[in-house]
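Counting in my numbering, the first sequence runs from 1038 upward without gaps.
Careful, some of the hints might be misleading.
What the hints assert, rightly or not - DSSO-like, lysine-lysine: derived pairs with alpha carbons at most 30 Å apart: (1) 1115 with 1166; (2) 1147 with 1166; (3) 1059 with 1192; (4) 1120 with 1087; (5) 1059 with 1147.
What the hints assert, rightly or not - The following label-pair restraints were derived from C-beta to C-beta distances: (6) 1127 with 1238: 32 to 38 Å; (7) 1074 with 1342: 45 to 51 Å; (8) 1392 with 1050: 49 to 55 Å; (9) 1203 with 1256: 18 to 24 Å; (10) 1471 with 1207: 49 to 55 Å; (11) 1207 with 1136: 55 to 61 Å; (12) 1340 with 1392: 43 to 49 Å; (13) 1238 with 1051: 51 to 57 Å; (14) 1302 with 1185: 27 to 33 Å; (15) 1202 with 1489: 39 to 45 Å; (16) 1353 with 1048: 55 to 61 Å; (17) 1090 with 1345: 26 to 32 Å; (18) 1292 with 1049: 40 to 46 Å; (19) 1082 with 1234: 33 to 39 Å.
I should point out that these hints are in silico values taken from the structure, not numbers from a laboratory.
None of the values given here were measured: they were computed from a predicted structure.
We put the beta carbon where it would ideally sit given N, CA and C, even for glycine.
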Amino acid sequence: MTAQSGEPSEDLPEQMRIRREKRERMLARGVDPYPVEVERTHSLRQLREKYADLETDTRSGESVGITGRVRFIRNTGKLCFAKLVEGDGTEIQAMLSLAEIGEESLAEWKAEVDLGDHVFVHGEVITSKRGELSVLADGWRITSKALRPLPVAHKDLAEETRIRQRYVDLILRPQARDTVRNRAAVVRSLRDTFEEHGYIEVETPMLQALQGGASARPFVTHSNAFDMELFLRIAPELYLKRCVVGGIERVFEINRNFRNEGSDSSHQPEFAMLEFYQAYATYDTMADLTGELIRRAAERVFGTLTVTLADGTEYDLSGQWANLRMYDSLSEALGTEITPDTPAAKLREFADSAGLEFPAHYGHGKLVEELWEHHVGDHLHEPTFVRDMPAETSPLTRQHREDPRLAEKWDLYMRGVEIATGYSELVDPVIERERFEAQRLLAAQGDDEAMPLDEDFLRALEYGMPPSGGVGMGIDRLLMALTGLGIRETILFPQVRPE
RNA sequence: GCGCCGUUAGCUCAAUUGGCAGAGCAGCUGGCUCUUAACCAGCGGGUUCGGGGUUCGAGUCCCUGACGGCGCACCA
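Between the sequences and the hints, there should be enough to build the whole structure, so can you do that?
Written as structure tokens, this is what we have:
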């Protein structure tokens, strides 16, 4: 957008109009409100560290040039104060004294500098009579004139505004900045742990001709070059397994998945997913590695295995994490033995008496999972692996070595939320093809989450995939578990409906 | 997608039974050389989310649309 004229619009709020007028006034004086470069000599953090011990009401004798956003301003007759803040939250006070900079410069400061402006201040490092580390200006200039007033600092911004205008949230709220740093540190820790375990990081297609690797509704897009429908991926699984076939025996990917479904306090249409696969590993191996990844991330980022959540409660990640078997724990919760042979009709009776309604096409496996989640999963607080799910709802999972009606699969729950899922992967191409055919039948019956048959993936398996373990872990949800924040806080810019 | 609640100044929020639309901070003018949400004096600032209706009179009641929050459903 280009301004057609310098005239402030008449319909702007008063405060925005006045700031535009101040900008115009600067231009009229020949002062650039957005200079390309200033003589910055130190970051605020550097000065804080260098002069941590400067006594109250002292002059250091050193001249510096500093920059920062004005977050607090106090103008008196002949002495002005401004609290400058830089990106990491470090603050240093600027002082402008009539005796140092003269009448004209002081008057311009008072007339033109507003809360929220970026400024450059040159002068001597001193401490004020109140002990505040300050730069006593002998010169200053605005480095970026803010045309919008910053919201008041003493009231919390409405949640919607925090999300829609995250940049304002980041300016105002230290915790918003911490969340960004913590997330980066957690991801870095995950990568380091993988590195130590000999894993290779890859990037696989996010635009896929076939949706696969999970049960979910995809976003659909169109390729002009190929004149074909493409899906935004719902999971990287089938490509990572192709990597294992090709000999990348320890492989992981951290990237976005897209699912065209509802969003709420724990779901977003695009979310960050970690998937990792390891040849000659089982779901037990993968559970151990998953625990290590999470514990090391917590220790590295928060310095402890007892993490403190946003509401002040503590959450303990230490010790041996609990293991439950799905059928055993569901049987216990219902007070009746549930086995892989329990008929779907019987399961529906339990659903009815719990007031749950499920679609007609749900079979035994889906009903067991739903009942388990309602009666057991939602109440799990401690980190818990739940293992050995129904085989039929895990089409890409190897059947259990002791009971073919079960899958060698676990879900990791933390604070009642599913954080990760691990498998002993199915690598038999013939059985895999049968599972895909069964999915095709489901699709024909109207299950719009059923996976289509991926002929190229089967071809890869037919070349031989070593026995392997695999895990998928939601990065956003891991952050939620470690911090107690909602998904809209762990994601910097969550999807929201346009204003 | 369904139900309930909400949307008022730049920000956070009030407004009795339908009866002059307010406060704090922010802003503007003046004063103040040590302020930290300073203080003192004064002044501005509103499409009460949009559209329609009832009424002498609507922020308030009715209809409708947009957006948001919560619950339910689906999902990780």
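Outcome of the hint check:
For a cut-off of 30 Å, the pair hint linking residue 1115 to residue 1166 stands: about 16 Å separates their Cα positions. Note on residue 1147 and residue 1166: the hinted pairing holds, with a Cα-Cα distance of about 22 Å set against a maximum of 30 Å. Distance check on the hinted pair: residue 1059 and residue 1192 sit about 27 Å apart at the alpha-carbon level, within 30 Å; holds. For the suggested pair residue 1120 and residue 1087, the alpha carbons sit about 18 Å apart, so the restraint of at most 30 Å is met.
A hinted pair counts as satisfied when its Cα atoms are at most 30 Å apart, and residue 1059 with residue 1147 qualifies at roughly 11 Å. About 33 Å separates the C-beta atoms of residue 1127 and residue 1238, a value consistent with the hinted range of 32 to 38 Å. Separated by about 47 Å at the C-beta atoms, residue 1074 and residue 1342 satisfy the suggested range of 45 to 51 Å. The supplied range of 49 to 55 Å is met by residue 1392 and residue 1050, whose beta-carbon atoms lie about 51 Å from each other.
Judged by the Cβ atoms, the range 18 to 24 Å given for residue 1203 and residue 1256 holds: they are separated by roughly 23 Å. At roughly 51 Å, the beta-carbon separation of residue 1471 and residue 1207 lies within the given 49 to 55 Å, and the hint holds. Against the hinted window of 55 to 61 Å, the Cβ-Cβ separation of residue 1207 and residue 1136 comes to about 37 Å, which falls outside the hint. For the pair residue 1340 and residue 1392, the beta carbons lie near 44 Å from each other, so the given range of 43 to 49 Å is met.
Taking the beta carbon of each, residue 1238 and residue 1051 are about 53 Å apart, inside 51 to 57 Å as hinted. In this structure the supplied range 27 to 33 Å holds for residue 1302 paired with residue 1185, their Cβ-Cβ distance being about 30 Å. At roughly 41 Å, the beta carbons of residue 1202 and residue 1489 sit within the given window of 39 to 45 Å. At about 56 Å, the CB distance of residue 1353 to residue 1048 agrees with the hint of 55 to 61 Å.
Under the hint 26 to 32 Å, the C-beta atoms of residue 1090 and residue 1345, about 31 Å apart, fit the expected range. Residue 1292 and residue 1049 have their C-beta atoms about 42 Å apart, which keeps the hinted 40 to 46 Å range intact. Separated by about 35 Å at the C-beta atoms, residue 1082 and residue 1234 satisfy the suggested range of 33 to 39 Å.
The earlier numbered hint that this structure contradicts is number 11, and it is the only one.
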